[in-house]
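Engineer: Fit chain B to the given chain A structure using the hints.
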Amino acid sequence: MPHFMNKKLILLLVGMIFLVALISFSLRDRQNASLPEQFIKDTVGFAQSIVAKPANYITGIFNNINSLLNTYEENKRLKMRLEDFAVLQAEVNTLQSENESLKELVDKESSLKDYDPLNATVIARNPDQWEEKIILNRGSSQGVKLNMAVMSSQGLIGKISLVTPFTSEVELLNTNNPNYRVSAIVQGEKKDVFGLIEGYDVERNELILKRIDSSFEVNVGELVVSSGLGGIFPKGILIGEITEVTTDDFGLTKMAYVKPAADFSMLEDVIIAKRNATIIDGSDGEGTNKDLTNKTNSESANEGEE
Amino acid sequence: MIRFLIPFVAVALFLLEPEFALFSPISWGDGVVYLVPRFVILYLIFLSIYYSRKRACIYGLLFGLLYDVFYIDIIGLYSFLYPLVCFIAGSSVKFIHQHLSVTTILSLVLVALMELVLYYFFYFINFTTIPFTDFLSNRLLPTMIANLLFLIMLGWAFKYLINARLLQRARDIS
Chain A
1 MPHFMNKKLI
11 LLLVGMIFLV
21 ALISFSLRDR
31 QNASLPEQFI
41 KDTVGFAQSI
51 VAKPANYITG
61 IFNNINSLLN
71 TYEENKRLKM
81 RLEDFAVLQA
91 EVNTLQSENE
101 SLKELVDKES
111 SLKDYDPLNA
121 TVIARNPDQW
131 EEKIILNRGS
141 SQGVKLNMAV
151 MSSQGLIGKI
161 SLVTPFTSEV
171 ELLNTNNPNY
181 RVSAIVQGEK
191 KDVFGLIEGY
201 DVERNELILK
211 RIDSSFEVNV
221 GELVVSSGLG
231 GIFPKGILIG
241 EITEVTTDDF
251 GLTKMAYVKP
261 AADFSMLEDV
271 IIAKRNATII
281 DGSDGEGTNK
291 DLTNKTNSES
301 ANEGEE
Chain B
1 MIRFLIPFVA
11 VALFLLEPEF
21 ALFSPISWGD
31 GVVYLVPRFV
41 ILYLIFLSIY
51 YSRKRACIYG
61 LLFGLLYDVF
71 YIDIIGLYSF
81 LYPLVCFIAG
91 SSVKFIHQHL
101 SVTTILSLVL
111 VALMELVLYY
121 FFYFINFTTI
131 PFTDFLSNRL
141 LPTMIANLLF
151 LIMLGWAFKY
161 LINARLLQRA
171 RDIS
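Chain order of the listed sequences is A and B.
Anchor point for the first sequence: position 298 equals 298 in the UniProt record's numbering, and the numbering is continuous, going up by one each time.
Anchor point for the second sequence: position 142 equals 142 in the UniProt record's numbering, and the numbering is continuous, going up by one each time.
Isolated chain A (complex conformation) (with noise of 0.2 Å):
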């Protein structure tokens, strides 16, 4: 009997030095997957979307019972905000013009802002949230690479943490990785000034811009947009709105706590932005310093502003 104890302590044993090791390599190396896990990623996320479809048609007829609840309250304030809306679509469409004659003047062909839009479907979230992710039906035969943009009609939601052929994973903004960084423009009054996203307070449910030339003026109510300068991101992205503006804890730059456009509890369908400008390996992407301009022609690297 003893004998037989023996064994299976063994066994356990065996087991648990195996369970850790499985563990510690799989924490290691979570960018790319390997290749049955590739396989059984596409296999369940085809699955999963196949569900995710009546799923999504059942919470948008919660969503449409709901906004239909609130339709004449909205009315009456999308009344009042029409007229306004008139005169700036007239506004918009001449300096949209002005703008295209002004780049033919020039010989500016490409910008920061411009990118592909690509429509993903979200066919699931992590179902304990204990890391902030979701999995879109759109992979790398799309063409969607690592550290992409992805935004909901609101606002930047997160960029692409894993690739897989027939499906992705989206890192949201509220994460919980210090590594997690996109560098933003303020829309200042008269400058714009530059900061970037780094972490979330649990607490206040807001994302923490920081970085910002203590030189420069920044107050509550202005809007945060993604700068384009971090190598990835298109520009121009809207991100969220500052609600409150501090020194940080060395108080040599300040810091500013931006409420999140975007909504990153219900999502159905999302954009995943491909910027047209060469994508450089900067603080958004993985930050591995390779020269990756010198590939193509250098006339679309070299412009870094407007």
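Worth flagging that the hints you see were computed from the coordinates, not collected in a lab.
Keep in mind that the hints are not guaranteed to be accurate.
Distance ranges between label pairs, derived from CB positions [as the list claims (entries may be wrong)]: (1) Thr-59(A) / Val-117(B): 29 to 37 Å; (2) Phe-18(A) / Leu-116(B): 21 to 29 Å; (3) Val-117(B) / Ser-140(A): 32 to 40 Å; (4) Gln-98(B) / Thr-121(A): 41 to 49 Å.
None of these values were measured; they are calculated from a predicted model.
Think of the CB as a built atom: it goes at the ideal place given N, C-alpha and C, for glycine as much as any other residue.
Structural biologist: Frame of chain A; chain B shown alone:
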């Protein structure tokens, strides 16, 4: 027919879990509340208690592995915890009365313990920094309430399905 219904229900629950997770997090008062659907493991605990411990452990390993690969990207976490929970549930059969309410409470206690282990694991590897009290009030409590509702609605159906399968097996043998 019923023979294939048991794994089919497990697969369906596995695919439904992330759809329900899309509703979470919910803003409740001035805080944010997380609801974690744990349908598969609740079903597997029922299987383990009413049907067969070994079968439940194998299902647990399989679905745990799928869960790890598809959602978590840390292989070995759920594929260890699911079979362990099933094993504990199956071993407890000798000591408890197999009434539906007792099974419901037992499975909720086991899931709460699993959540606790997961919290400490993710705290240990720095995926989360929330303090324990926040975890208790914003995650564990709402999760348990949501899963209790799920079990109250569907627990009897699980038991009915498993009993039907057991009866069928008894008929096949005789």
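Engineer: For each hint, tell me whether it holds in the structure or not.
Structural biologist: Here's how the hints hold up against the structure:
1. Thr-59(A) / Val-117(B): 29 to 37 Å: holds (31 Å)
2. Phe-18(A) / Leu-116(B): 21 to 29 Å: For Leu-116(B) against Phe-18(A), whose Cβ atoms are near 24 Å apart, the range 21 to 29 Å holds.
3. Val-117(B) / Ser-140(A): 32 to 40 Å: Holds: the Cβ-Cβ distance is about 35 Å, inside 32 to 40 Å.
4. Gln-98(B) / Thr-121(A): 41 to 49 Å: holds (43 Å)
Checked against the numbered hints above, the structure breaks none of them.
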